[in-house]
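J.: Using the UniProt record's numbering, the letters of the sequence shown map in sequence onto residues 1 to 697.
Keep in mind the hints are simulated off the structure, nothing from the lab.
Ideal Cβ placement from N, Cα and C applies to all residues, glycine included.
Pairwise CB distance ranges (calculated):
| id | residue 1 | residue 2 | range |
| --- | --- | --- | --- |
| 1 | 418 | 15 | 45 to 55 angstroms |
| 2 | 115 | 15 | 12 to 22 angstroms |
| 3 | 11 | 100 | 41 to 51 angstroms |
| 4 | 569 | 136 | 47 to 57 angstroms |
| 5 | 581 | 508 | 31 to 41 angstroms |
| 6 | 46 | 105 | 12 to 22 angstroms |
Lysine to any residue pairs mimicking SDA-like chemistry, simulated, CA-CA at most 25 angstroms apart:
| id | residue 1 | residue 2 |
| --- | --- | --- |
| 7 | 371 | 359 |
| 8 | 533 | 461 |
| 9 | 162 | 367 |
| 10 | 41 | 100 |
| 11 | 436 | 386 |
| 12 | 428 | 442 |
| 13 | 554 | 542 |
| 14 | 30 | 118 |
| 15 | 199 | 175 |
| 16 | 256 | 168 |
| 17 | 413 | 144 |
| 18 | 533 | 564 |
| 19 | 573 | 352 |
| 20 | 381 | 574 |
| 21 | 120 | 14 |
| 22 | 554 | 504 |
| 23 | 42 | 96 |
| 24 | 154 | 332 |
| 25 | 54 | 97 |
| 26 | 134 | 147 |
| 27 | 533 | 363 |
| 28 | 42 | 85 |
| 29 | 67 | 83 |
| 30 | 162 | 331 |
| 31 | 428 | 331 |
| 32 | 57 | 44 |
| 33 | 49 | 83 |
| 34 | 54 | 96 |
| 35 | 533 | 510 |
| 36 | 312 | 370 |
| 37 | 140 | 152 |
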Amino acid sequence: DSVSALFHHLFLQLQSLSHNVIFTLDSLLKGDLKGVKGDLKKPFDKAWKDYETKFTKIEKEKREHAKQHGMIRTEITGAEIAEEMEKERRLFQLQMCEYLIKVNEIKTKKGVDLLQNLIKYYHAQCNFFQDGLKTADKLKQYIEKLAADLYNIKQTQDEEKKHLTALRDIIKSYLQLDQKEDSQSKQGGYSMHQLQGNKEFGSEKKGYLLKKSDGQNSKTLVKHFSCCHISFQSNRQPVKLNLLTCQVKPSTEDRKCFDLISHNRTYHFQAEDEQEFIIWISVLTNSKEEALNMAFRGEQGGGDDGLEDLTKAIIDDVLRMPGNEVCCDCGAPDPKWLSTNLGILTCIECSGIHREMGVHISRIQSMELDKLGTSELLLAKNVGNNSFNEIMEGNLPWPSPRPTPASDMTVRKEFINAKYVDHKFARKTCSSAAAKMSELFEAIRSHDLLALIQVYAEGVELMEPIPEGGQEGGETALHYAVRTGDHTSLHLVDFLVQNSGNLDKQTERGNTALHYCCLYEKHECLKLLLRGKPATDITNQNGETALDVAKRLKIIPCEEALAQATAGKFNLKVHVEYEWNLRLEELDESDDDLDDKPSPIKKDRSPRPQSFCHSYSLSPHDKLSLPGFTGQRDKQRLSYTSLSNQMYSVSTDCPSSPVSDAPPLPPRNAGKGKPETQSRSNAKKLEHNLVLTSLAY
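Make a model of the complete structure from these sequences and hints.
T.: Structure (structure tokens):
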């Protein structure tokens with residue numbers, strides 16, 4: 001009914017427009033104005049012409065008459081001819097009145113009358129929109145309910161589609177395996193013809209496998225799978241196989257098992273269920289196919305593989321940080337959207353609102369879809385959702401306005417804007433502007449990122465000159481952070497660069513932060529600054545740009561980076577040398593191949609280059625024996641230099657299989673920093689690492 005009434009008002013509105021405006025203009029243009037330039041003035045002109053002709057004639061007659069009587073008259077007065085011109089004068093006055101009346105009518109119609117009709121149309125418009133607003137208000141509750149219902153329907157349909165897609169893939173894989181089962185069962189231990197994997201599963205996977213040996217099963221955590229080597233340990237001896245010379249063969253006895261056949265040995269693995277089995281078969285065959293294609297094309301192994309491994313390790317470490325298992329704003333599980341300038345993780349719904357706020361508030365990147373550089377993970381590695389919310393939600397009122405995973409976008413938007421734009425819920429610790437600036441200086445001096453976020457939450461101006469500690473007058477926090485920073489404090493520089501409005505502030509000597517990077521040889525800080533796109537043409541008191549300073553001091557890395565930035569060729573996806581201090585998960589040894597172990601005495605291992613890949617596979621005893629090991633088993637410093645000679649590989653953790661009637665295991669982090677002294681009942685732990693590394697030709 002409301003919609004019908006609205007359409008009725010729209011019809012009346014169109015009628016009002018037609019009658020009051022269009023009809024009036026049409027009649028004016030086609031009627032009154034049509035003869036303005038021609039016929040309207042003709043009677044007036046004719047009367048004037050007749051009057052003038054009669055006047056000239058009478059004047060001539062008067063002069064002739066005077067001449068006949070011997071008089072010369074130069075002028076004839078109006079009074080002398082008034083009686084004779086009476087009729088013509090009256091006709092002329094009549095036509096002039098008619099003409100002026102007509103002109104007045106036209107002026108009225110195209111002026112006052114037209115504007116009055118437009119006013120009527122304006123009132124009709126107002127009535128229409130007011131009625132429309134009332135109708136929209138009546139429909140508001142219905143629309144909100146409809147939107148919620150549609151969202152639920154969409155969720156249900158998406159779930160149905162997901163289940164149907166999974167079922168379709170399973171059926172396809174079964175059909176594919178059934179067609180080849182007979183020929184595969186007849187083949188020997190090695191074959192040139194391999195399975196065809198489902199390309200939807202790709203060539204990488206994370207998950208668990210059971211390794212079968214001598215009737216024992218050991219659970220092996222596979223951290224990463226990619227082409228085109230497979231490395232693991234058997235009988236505590238390292239084994240490295242080239243996938244190009246291996247065959248993956250499904251077991252004919254168990255649909256969850258498969259064999260990995262090399263030139264001299266067969267390894268037996270079991271997946272958790274049939275669907276996982278299909279995925280593993282596809283991943284392995286796809287990896288081998290990629291390796292084969294690379295070999296035919298003559299491609300070398302990726303030169304950035306070590307850097308990619310480091311990036312993946314950092315991302316894995318970020319995902320394990322406290323609070324990062326849920327969205328920073330609504331608590332939705334498994335967030336995969338990173339705010340690179342705040343170091344927090346959000347869900348896809350909240351990330352959309354972050355994007356709406358603008359990059360000056362939050363810069364959103366996908367940890368799965370976007371190719372991140374290590375520089376974009378600095379803050380994520382050092383902040384985390386829990387630490388961030390302790391500051392930004394320190395004064396959260398009760399009842400809490402915090403949204404839930406089921407909240408609609410309006411609730412999310414109100415909360416997120418209040419939290420990030422207004423800092424409405426932030427914890428307050430400073431009582432004055434001077435106290436804030438003092439805390440800002442102290443945060444930079446002590447390399448305390450959370451203290452820096454605290455003063456940022458309290459609204460401090462990050463680019464104001466700091467009150468103390470400046471080597472030059474007018475130093476900002478960014479100048480000070482660059483001058484005193486090192487490889488362990490790049491995250492402070494990154495936070496200031498990404499959250500400060502102006503990166504071109506100068507000291508009293510005219511030096512910008514770019515000048516400082518060159519003066520103090522801070523190449524890594526320069527990379528972070530150039531990501532913020534500061535002006536590179538600013539000169540100091542000596543008339544030097546930052547590039548001029550780098551050339552004068554012969555700081556080659558700074559000179560090259562600034563030259564690229566000046567030419568617009570600087571790559572924003574940069575890697576930075578930084579002490580990452582990645583957490584390493586404790587390793588469990590499995591019972592696999594326990595009977596083959598000849599002696600409890602450990603053999604001396606040849607020294608190997610340390611990297612995050614190899615250190616995963618070391619036992620606690622071996623790690624303690626390595627030079628430079630500090631006793632912390634869950635953290636190890638990583639840098640790109642330690643990966644430069646490593647192949648693309650990731651190790652796997654292997655938790656031991658459960659033993660019946662065994663007491664529960666102690667917490668994984670118990671006794672952190674000390675070697676394990678307790679043995680598990682019935683069996684010792686044995687490591688099994690499953691790694692795929694890049695093949696270089």
